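Given only the sequences and the hints, what does the whole structure look like? Please build it.
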Amino acid sequence: MIGADARAEARAGWAFVTPALLLIGVFFAIPVVGAFLLSFTDFDIYSVADFGSTRFVGLQNYQDLATSPLFWTALRNTLYFVVVGGPLSVAVSLLAAVLVNAKLVRFKPFFRSAFFAPWVTTLVAMALVWRYIYHPQYGLLNAALGLVGIGPVDWLGNPQWAMPSLILLSVWKNFGFNMLVFLAGLQSIPEELYEAASLDGAGPWRRFRHITLPMLGPTFVFVGVVTMIASFQIFSEPYIMTQGGPLKSTLTLVLYMYEEGFRWWRLGYSAAIAVVLFALTLLATLVQLQLQRRREP
Amino acid sequence: MSARWRSAGLHALLLAGAVLAASPLLWMLSASLMAPGEANSSPPPLLPDRPTLEHYRALFTSLSLGRYFLNSVIISLGGTVLAVLITGIAGYAFAKLRFRGRQSVFRVLLAGMVIPGQVAMLPMFILLREMGLINTLFGAMIPVLAPIYGIFLVRQYALSIPDELLDAARLDGASEWRVFRSVVLPGLAPVMATLGVFTFLSAWNDFMWPLIVLSDDARYSLPVALANLAGEHVQDVELMMAGAVVTVVPVFVGFLFLQRYYIQGIMAGSVKG
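Heads up: the protein sequence lines correspond to chains P and D, in order.
Sequence positions in the first sequence follow my numbering and run 4 to 300.
Sequence positions in the second sequence follow my numbering and run 260 to 532.
Since the hints were derived computationally from the structure, they do not count as laboratory data.
One or more hints might be untrue.
Unchecked claim - Derived DEER-like restraints, expressed as beta-carbon distance ranges:
id, chain 1, residue 1, chain 2, residue 2, range
1, P, 266, D, 477, 17 to 23 angstroms
2, D, 275, P, 51, 37 to 43 angstroms
3, P, 39, D, 325, 19 to 25 angstroms
4, D, 516, P, 58, 54 to 60 angstroms
No experiment lies behind these values; they were computed from the predicted model shown.
By construction, the Cβ of each residue, glycine as well, lies at the ideal position given by its N, Cα and C atoms.
Next comes the structure, spelled out in structure tokens:
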């Protein structure tokens, strides 16, 4: 009797997970494997019409990548976005969380929602809004900076400023999410720790440094990894605001992949970019987890 | 005295932050009500001289934004209903039903979370083309249908369901599906709501995949249509801002009413994860 029940349960278990596994298998796992295979072929516009014209070319696509200046530019730009934008985003989130969480603060839910609001908006729409905010002549940003005597900057038209402009938009758009994660982390720190430290004469900075930061350790791992993975995938901002320009200064890996794959239909070459993106994400995730593990006792 | 100053400083800082966070959204709304060309003056006006709805009218008449709006609603609602159902039963099964291979399958799924979705997009395009799903609204909703983080979220929540409750229902002769429907589902309602709002949001806001899969103008989702429109109407700031407002309003209003589910979802998911 028990055996029959267990069998029924096991059958139901498989039945319940099957729809999800099928979808993930067909529309995620197989395509991911497919991307690897594709990256060893010369799949192009002719292959789209007739698969038979596709040939295996071994590592040719990767060799082409390595010798393509555009690829290195896209890689450098993406790393710039990840290395500068990621930590900045995390820092702003943490600052917002600490401020909102302060004991003196009233109307906490209001501030929490106000900071979180940009996160729920549509990125494409916000990229358009910011494109006008960055307008050199009529933009709000230059108007505001003009009030304090800072000269007009051509934010999106200047290769030096274009990427920082995208980073600013991205930080504004996304910091609310990580702020909530940090808030959850902050609220799980026992109050007694702070009271004990205060009795020992520790000021706010030392309490932050020696209690808050260490206690937030696991939260940092989560926030760091999630933010970094998302940063590697930046696409919509440059697609809408700069089309990768000026002078390719905002061409990112995913934008490059999109253009090679869906504009020029060089799907084999484009798949090699996808594989590089995957490898980079995996490597960066492992490094971050490893660093965290070493820091913990 | 010092506490009062500290409090004032803190609130001033927070208020400045809130203004900075909200100002792009407020400006978007304000500019969408300005007369054509009004926003393109120096210094840029903060409020419309004489508010007008003409851009909204133009969007829904000559630019047929209504159709794109409807496409987005179908993609997002359809995707959300399916995703909640599919991930709901899967998450529950991974938490509570004992079957061989459960742990290892779940571990593989978790590992899959580090793979960026874009890696799959090129082969998926070829696959969908073979299946005749290119240019269909169903094709556009595929990436949200079985989110791994959703399965993970439901599983974490379902772990706290007491086994005795399930066994009691089974002793009464209920089938596993009955057990799920009448015993488990009511308890999972909060996490399903959280999953629902997140899925709707990601389907509504998604851009890259719809851009790839929807090539026929009539099938565009709202963000794709907006991006396309922006290329043709670069100079029409006010019109574009009205389009941005239309795109953002549904998710924004949804957020105002359902913020509990967003905020609890993020705060709970991350702590347990």
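Worksheet item: Out of the numbered hints, which ones does the structure contradict?
Response: 2 and 3
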